[in-house]
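**Q** Residue numbers (my numbering), protein chains in the order written: chain A, 25 to 404; chain B, 25 to 404.
Hints should not be assumed to be uniformly reliable.
Since the list gives no way to pick out one identical chain from another, each pair is judged satisfied if it fits inside one copy or across any two copies.
Stated by the list, open to error - Straight-line alpha carbon distances no greater than 35 Å define the calculated DSBU-like cross-link-like pairs of lysine-lysine that follow:
1) 401 / 128
2) 159 / 401
3) 247 / 114
4) 114 / 252
5) 128 / 382
6) 247 / 269
7) 247 / 128
8) 247 / 165
9) 86 / 26
10) 144 / 269
11) 324 / 159
12) 247 / 298
13) 298 / 159
14) 252 / 292
15) 324 / 247
16) 144 / 324
17) 26 / 324
18) 128 / 159
19) 165 / 128
20) 382 / 159
21) 252 / 153
22) 128 / 114
23) 382 / 114
24) 401 / 153
25) 382 / 298
26) 401 / 26
27) 128 / 252
Simulated from the structure, these hints should not be mistaken for lab results.
These are the residues of each chain, in order.
There are 2 protein chains.
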Amino acid sequence: MKIDTIQSFIPPTRILMGPGPSDVYPRVLQAIARPTIGHLDPAFMTMMDEIKVLLQYAFQTKNALTFPISAPGSAGMETCFVNLVEPNDKVIICQNGIFGERMKENVERCGGIAVMVEDKWGAAIDPNKLEETIKANQDAKIVAFVHAETSTGVLSDAQTLCHIAQQNNCLTIVDAVTSLAGSPLKVDEWGIDAVYSGTQKCLSCVPGLSPVSFSERAVNKIKRRQSKVQSWFFDLNLLMDYWDKRVYHHTAPINALYGLHEALLILKEVGLEKSWSLHARNYRAFHAGIEAMGLSFNVKTSERLPQLSSINVLEGINGEAARQHLLLEHNIEIGGGLGSLAGSIWRIGLMGYGSNMKNVLTCLGAFEEVLQDMGAKINQ
Amino acid sequence: MKIDTIQSFIPPTRILMGPGPSDVYPRVLQAIARPTIGHLDPAFMTMMDEIKVLLQYAFQTKNALTFPISAPGSAGMETCFVNLVEPNDKVIICQNGIFGERMKENVERCGGIAVMVEDKWGAAIDPNKLEETIKANQDAKIVAFVHAETSTGVLSDAQTLCHIAQQNNCLTIVDAVTSLAGSPLKVDEWGIDAVYSGTQKCLSCVPGLSPVSFSERAVNKIKRRQSKVQSWFFDLNLLMDYWDKRVYHHTAPINALYGLHEALLILKEVGLEKSWSLHARNYRAFHAGIEAMGLSFNVKTSERLPQLSSINVLEGINGEAARQHLLLEHNIEIGGGLGSLAGSIWRIGLMGYGSNMKNVLTCLGAFEEVLQDMGAKINQ
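Make the full structure from the sequences, and use the hints.
**A** Structure follows, in structure tokens:
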């Protein structure tokens, strides 16, 4: 590539219906383009306080330690693990998709011991298996799982899983990257101790930040640590002082935070329960269309995420080629499968601003056309 | 704070003349507001390649491993240390400001041994001290230092320091957060092995990303590591695959990268050497005005950063109050001192887009007015 040929980047206009990023609210795009101010400016500090309050609402929590990490969702995951896991801590991880594997990596890199409870990719986590494992590992300190598996489109019963963990004196770390604002998530009521999410799914904000929240029990474990947190950037002892007392830690991503503030404000205006029901309603319409075409879901009805559907690739059809046609001919982005599901599913998202009837109909129409062009036998 | 009172955040219009963030190019603000596309979109991947080429130009390097970390400058620092420092590695850190202290924290959290070479805050790093220390520590593997200390406004002789390190078979980690695009920085010519910077200083992009570059020698050390990198998010073995082969690692901060692409393109249009000389020219004008007022610099002439000046707070004047007046009455943000220099210096930045004659004159005029109002005896 020759440097002299590079020009300003004007992105193509896509409809983002993959597993994220989702289409961003126009109000959020306007917000991030506002002039940058300093991270120690009194006006910025007021905005930081507002983000905390709005995030507490989104997470349904009163946790004081609720704020966005200045990096994407996987950095939020790492923040939870590096702070809560001390060397030799035993952590039970319920895995039913790719992100459980990543949790294991995190635990092991912290010097912890990961005990895996595995469920089929495409099925919800089985609470009975967790219960058996926790009984067999009375020295376990933490239970971690993914609430809404982005790699498969599966919702697990976080409330029951957290209840089992609590009954056995374990803290919980919950991945809510895809669930926040799309499916009911009640941090305090369910007793979640550490939760992380992303901005680029059902919040329909630009990617790059990871909202997190920690219970008092979690904060106590962090404060009582024997060893320093291995990461300086993700050390909550330092980040608490930054978000509470404004002790300089790092330069916040100012404009990205303008965007998160606006996205959370939109969520508040819509209302959290209304947001959940809108995701459910648009999924039902999409579901009806998919079934009418004769396509099938990879996940059973009761375990499906309304915001992200896994559709089985039709026999004889190249799933990746179909995705390319959708993107290049119709400007619609959908996702493929990951890991063991690569090539066998399509992942179609209806998240946040992108969860609307227009997208449902546009996607169904384009999908039908592409599949027909590829010679698939589908209902019309 | 009541959630129902929260409204869209409209930032005040400031002139950012502190130690960063600096005023952002309007073209960058326009770029980040463009519609989000997917991080696996072919159009996005082309843009990633362009960012690499533009960053290689900015860093003056041919290093293949040159890309932005998806988090602010301090995450770039952590990326360098967690990848290059293995447990028990001895690292010599030349410290002459607050960021050397942070390097020590990083080394120790990686299980390394930090050997400190300390210089006065406000003075450049003394190459002789490094040479003595390196001779006395023949088992040292890495030398780390800050090229342009943001906490003091001091430029150190990176070329000489790197030469000493190389002569003694040490790799170098160089903090170029404030130097990139503001002062000459020649990664290949000087033999720097790992360098990190920020977007919010002389690139005049929004804060939130950290450009990094690694030499082949650095990459070899990383590939030969005995232990896994303790951070999953900052693991260059995984990030290399992401930036080279597009193996999914995390969701890139798409819109922030639009901004970095545009800021780097502007740097290319202006020209790197022209950018350095513009910073020098505007500093000279500022310097003349400051001296004419009878104010003095905290750093000796030969060691000053053109993009960031440390001015001694006048006797009898409350430096923090003066900063508040400048911000609230004139909408001009300048910085105060950090650590041992808190309260005794002002830090005034002329960085990137903010390095221009208009800002020089506006700042000098407002500064004069504020100091007079506070009863300071200054030349008029």
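**Q** It remains to establish, for every hint, whether it holds in the given structure.
**A** Status of each hint after checking the structure:
no. : hint      : result
1   : 401 / 128 : neither (42 Å within a copy, 64 Å between copies)
2   : 159 / 401 : neither (50 Å within a copy, 76 Å between copies)
3   : 247 / 114 : both (19 Å within a copy, 29 Å between copies)
4   : 114 / 252 : both (18 Å within a copy, 19 Å between copies)
5   : 128 / 382 : neither (39 Å within a copy, 54 Å between copies)
6   : 247 / 269 : within (17 Å within a copy, 40 Å between copies)
7   : 247 / 128 : both (23 Å within a copy, 22 Å between copies)
8   : 247 / 165 : both (16 Å within a copy, 33 Å between copies)
9   : 86 / 26   : between (53 Å within a copy, 13 Å between copies)
10  : 144 / 269 : between (45 Å within a copy, 28 Å between copies)
11  : 324 / 159 : within (29 Å within a copy, 67 Å between copies)
12  : 247 / 298 : neither (38 Å within a copy, 50 Å between copies)
13  : 298 / 159 : neither (39 Å within a copy, 68 Å between copies)
14  : 252 / 292 : neither (37 Å within a copy, 42 Å between copies)
15  : 324 / 247 : neither (42 Å within a copy, 43 Å between copies)
16  : 144 / 324 : within (12 Å within a copy, 66 Å between copies)
17  : 26 / 324  : neither (50 Å within a copy, 41 Å between copies)
18  : 128 / 159 : within (20 Å within a copy, 43 Å between copies)
19  : 165 / 128 : both (15 Å within a copy, 31 Å between copies)
20  : 382 / 159 : neither (49 Å within a copy, 70 Å between copies)
21  : 252 / 153 : both (33 Å within a copy, 30 Å between copies)
22  : 128 / 114 : both (11 Å within a copy, 30 Å between copies)
23  : 382 / 114 : neither (47 Å within a copy, 60 Å between copies)
24  : 401 / 153 : neither (40 Å within a copy, 77 Å between copies)
25  : 382 / 298 : within (18 Å within a copy, 50 Å between copies)
26  : 401 / 26  : neither (46 Å within a copy, 56 Å between copies)
27  : 128 / 252 : both (21 Å within a copy, 13 Å between copies)
Against the hints set out earlier in the document, violations occur for numbers 1, 2, 5, 12, 13, 14, 15, 17, 20, 23, 24, 26.
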